[in-house]
Amino acid sequence: MSRKTALLLLPGLAFLAAGFLVPAVAMLVAPPGEEPTAVLARFGAMLTDPYELRIIGRTVTLGLIVTGLCVGLGFPIAYLLARSRSRWGGILLALAIFPLLLSNVVRTFGWLVLLGANGAIGRLLTSTGLTDDPPQLLYTPLAIVLGLTQLFLPLAIISCYSAVAQVDPGLDDAARGLGASRTRTFWSVVVPLSGPGIVVAATLVFAGSVTAYTTPYLLGGSSQRMLATQLFSYASVSVDWAAASATALIMTILVFAVSGVSSLAGRRGATT
Amino acid sequence: MRRPVAASLAVLGYLIMIVPILFVVATAFSAGRTLRFPPEGFSLRWFEAAVTYDPFMESLVSSLWLALGATALALLLGVPATIAIHRGRIPGKGLLEGLFLSPLIVPELVVGLALYQQLMIGLGLDNLTTLLLGHTALLLPYAVRVTGASLALADPAVEEAARGLGAGPVRAFVTVTLPLLRPGIFSAALLGFVTSFNNVPLSLLLQDREFRTLPVTMLDYVQQSYNPRIAAMATLILAATVVVAVIAERTVGFAKIFGGINR
Numbered sequence: 001m002s003r004k005t006a007l008l009l010l011p012g013l014a015f016l017a018a019g020f021l022v023p024a025v026a027m028l029v030a031p032p033g034e035e036p037t038a039v040l041a042r043f044g045a046m047l048t049d050p051y052e053l054r055i056i057g058r059t060v061t062l063g064l065i066v067t068g069l070c071v072g073l074g075f076p077i078a079y080l081l082a083r084s085r086s087r088w089g090g091i092l093l094a095l096a097i098f099p100l101l102l103s104n105v106v107r108t109f110g111w112l113v114l115l116g117a118n119g120a121i122g123r124l125l126t127s128t129g130l131t132d133d134p135p136q137l138l139y140t141p142l143a144i145v146l147g148l149t150q151l152f153l154p155l156a157i158i159s160c161y162s163a164v165a166q167v168d169p170g171l172d173d174a175a176r177g178l179g180a181s182r183t184r185t186f187w188s189v190v191v192p193l194s195g196p197g198i199v200v201a202a203t204l205v206f207a208g209s210v211t212a213y214t215t216p217y218l219l220g221g222s223s224q225r226m227l228a229t230q231l232f233s234y235a236s237v238s239v240d241w242a243a244a245s246a247t248a249l250i251m252t253i254l255v256f257a258v259s260g261v262s263s264l265a266g267r268r269g270a271t272t
Numbered sequence: 001m002r003r004p005v006a007a008s009l010a011v012l013g014y015l016i017m018i019v020p021i022l023f024v025v026a027t028a029f030s031a032g033r034t035l036r037f038p039p040e041g042f043s044l045r046w047f048e049a050a051v052t053y054d055p056f057m058e059s060l061v062s063s064l065w066l067a068l069g070a071t072a073l074a075l076l077l078g079v080p081a082t083i084a085i086h087r088g089r090i091p092g093k094g095l096l097e098g099l100f101l102s103p104l105i106v107p108e109l110v111v112g113l114a115l116y117q118q119l120m121i122g123l124g125l126d127n128l129t130t131l132l133l134g135h136t137a138l139l140l141p142y143a144v145r146v147t148g149a150s151l152a153l154a155d156p157a158v159e160e161a162a163r164g165l166g167a168g169p170v171r172a173f174v175t176v177t178l179p180l181l182r183p184g185i186f187s188a189a190l191l192g193f194v195t196s197f198n199n200v201p202l203s204l205l206l207q208d209r210e211f212r213t214l215p216v217t218m219l220d221y222v223q224q225s226y227n228p229r230i231a232a233m234a235t236l237i238l239a240a241t242v243v244v245a246v247i248a249e250r251t252v253g254f255a256k257i258f259g260g261i262n263r
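Those protein sequence lines, which keep their order, are chains B and D.
Mapped onto my numbering, the consecutive letters of the first sequence carry residue numbers 1 to 272.
Mapped onto my numbering, the consecutive letters of the second sequence carry residue numbers 1 to 263.
Treat the hints with caution; some may be incorrect.
Stated by the list, open to error - Partial pick of chain D residues on the chain B-facing surface, computed with a CB cut under 8 Å: (1) Pro4; (2) Pro20; (3) Gly32; (4) Leu44; (5) Pro80; (6) Leu140; (7) Val158; (8) Ala161; (9) Leu165; (10) Leu204; (11) Met218; (12) Val243; (13) Ala245; (14) Ile247; (15) Phe258.
Said to hold, decoys possible - Label-pair ranges, simulated between beta-carbon atoms: (16) Tyr51(B) to Thr34(D): 52 to 62 Å; (17) Met57(D) to Val25(B): 36 to 46 Å; (18) Thr48(B) to Pro55(D): 20 to 30 Å; (19) Gly124(D) to Thr37(B): 38 to 48 Å; (20) Asp155(D) to Gly177(B): 32 to 42 Å; (21) Thr48(B) to Asp155(D): 51 to 61 Å; (22) Pro179(D) to Thr37(B): 47 to 57 Å.
Calculated from the structure, these hints are not laboratory results.
Note that the Cβ used here is the ideal one computed from N, Cα and C, for glycine as well.
Please work from the sequences and hints to get the whole structure.
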């Protein structure tokens with residue numbers, strides 16, 4: 001490596017090491033005031049503790065539901081946007097991407113107004129006489145799923161959009177010309193050819209959902225703990241470093257596992 | 001898929017994305033005392049209440065400084081690193097780039113915990129230094145990936161041609177390569193600023209009374225009082241974000257900016 005190259009590279013690497021790499025590794029082996037083995041021991045214990053398993057299970061289950069919803073809603077949106085020839089297409093695309101610039105806190109507040117005890121949906125149900133006693137909507141898994149879907153749908157749309165946009169519309173026409181129905185064309189031409197984009201979308205949404213903090217904090221409360229809210233509570237309320245680090249390890253492994261599986265799927269997609 | 005099915009799913013998707021935001025805006029204009037819909041009457045009193053509320057304004061200033069500082073640092077460190085990775089003769093380029101992108105993969109809350117535990121509790125660093133360090137590390141992937149994408153498009157032969165015509169290495173870089181990188185640097189700066197300004201998970205554990213960021217102050221506020229002041233503050237952020245979005249769309253184009261980081 002030339003001296004010039006090293007000079008360009010090293011300051012960035014130093015910051016990366018100090019602000020990320022070294023503390024992240026140290027967290028697993030050197031929690032303040034604990035034995036170096038405390039984190040791994042706690043990690044092992046968590047995997048057999050029914051309370052912890054329930055939180056892991058809830059986090060993964062809600063993550064999978066949100067992933068399904070975001071891909072299931074995001075792909076059709078991406079497909080319509082990519083194939084649209086009207087000028088509304090551009091406006092709708094901008095409207096789908098814009099929320100990515102907006103704070104999760106701001107985006108999530110709306111659900112408090114909609115789902116809260118005095119919220120719009122509850123009042124609508126009572127004023128139309130459907131029920132006298134509006135159901136509890138806030139602090140339920142449903143609230144978390146809605147909030148996370150709102151948060152990650154733009155990410156799913158943009159990943160699917162770039163995939164669909166690369167599929168030549170001529171192929172759609174060719175399939176139609178050879179007698180395939182619109183439905184058949186969609187499922188046997190458009191979806192398989194945009195497979196890698198769908199995998200990327202699903203990975204990003206799942207990884208985002210299982211590590212999100214703001215949404216489960218505001219919409220799930222303490223009755224619907226997820227890994228992120230549980231980690232915060234270990235670190236700041238009970239100040240149990242081993243438990244906080246072990247929870248962090250579980251979250252990290254989850255995210256690495258899903259990225260690993262998806263890059264394998266992507267590689268297989270590339271070779272076939 | 002039949003068009004009506006796709007269209008209904010699309011409508012549902014847009015409703016989930018947009019409706020909650022509209023409810024925040026609507027309640028911000030309420031004349032009533034609580035955060036409810038439909039709002040009671042119309043007034044701007046909660047906007048006044050938001051901009052005269054010290055915790056909001058102090059943490060807004062903190063957030064702006066932190067985001068500016070972290071973005072500037074990430075570009076100053078990240079752009080040279082990108083150039084070294086793409087143009088330098090070094091072994092293990094893929095590994096190095098992967099290293100710079102790694103903060104994107106590890107959950108932010110986990111990074112926040114690591115910094116809180118190891119740097120603030122362990123080494124006794126103050127929270128401003130830790131926040132700046134952490135945010136800079138978090139934004140480095142944007143600087144490296146997004147400017148890297150425009151560097152890959154910039155033909156090295158152009159810079160060599162400038163050198164051949166007698167420009168020194170610095171002059172060739174500043175007058176030829178840097179202008180080619182400008183859209184990438186602008187995109188990275190915008191993404192970085194927005195990411196840092198909106199960040200909750202990384203910043204959450206690193207707060208103290210002296211220096212807090214706006215999103216964390218807002219989360220705390222909802223916990224204590226449930227009134228339209230929070231909706232008014234959120235609406236002000238929304239309005240500022242719309243301005244940023246319009247500028248971004250006019251200068252580089254949205255899809256391009258987000259396409260850069262999204263592989």
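Hints, verified against the model:
| no. | hint | verdict |
| --- | --- | --- |
| 1 | Pro4 | 11 Å, violated |
| 2 | Pro20 | 3 Å, holds |
| 3 | Gly32 | 11 Å, violated |
| 4 | Leu44 | 18 Å, violated |
| 5 | Pro80 | 4 Å, holds |
| 6 | Leu140 | 6 Å, holds |
| 7 | Val158 | 19 Å, violated |
| 8 | Ala161 | 20 Å, violated |
| 9 | Leu165 | 21 Å, violated |
| 10 | Leu204 | 7 Å, holds |
| 11 | Met218 | 5 Å, holds |
| 12 | Val243 | 10 Å, violated |
| 13 | Ala245 | 5 Å, holds |
| 14 | Ile247 | 11 Å, violated |
| 15 | Phe258 | 5 Å, holds |
| 16 | Tyr51(B) to Thr34(D): 52 to 62 Å | 35 Å, violated |
| 17 | Met57(D) to Val25(B): 36 to 46 Å | 38 Å, holds |
| 18 | Thr48(B) to Pro55(D): 20 to 30 Å | 43 Å, violated |
| 19 | Gly124(D) to Thr37(B): 38 to 48 Å | 25 Å, violated |
| 20 | Asp155(D) to Gly177(B): 32 to 42 Å | 40 Å, holds |
| 21 | Thr48(B) to Asp155(D): 51 to 61 Å | 58 Å, holds |
| 22 | Pro179(D) to Thr37(B): 47 to 57 Å | 55 Å, holds |
Going down the numbered hints, you'll see the structure goes against 1, 3, 4, 7, 8, 9, 12, 14, 16, 18 and 19, while the others check out.
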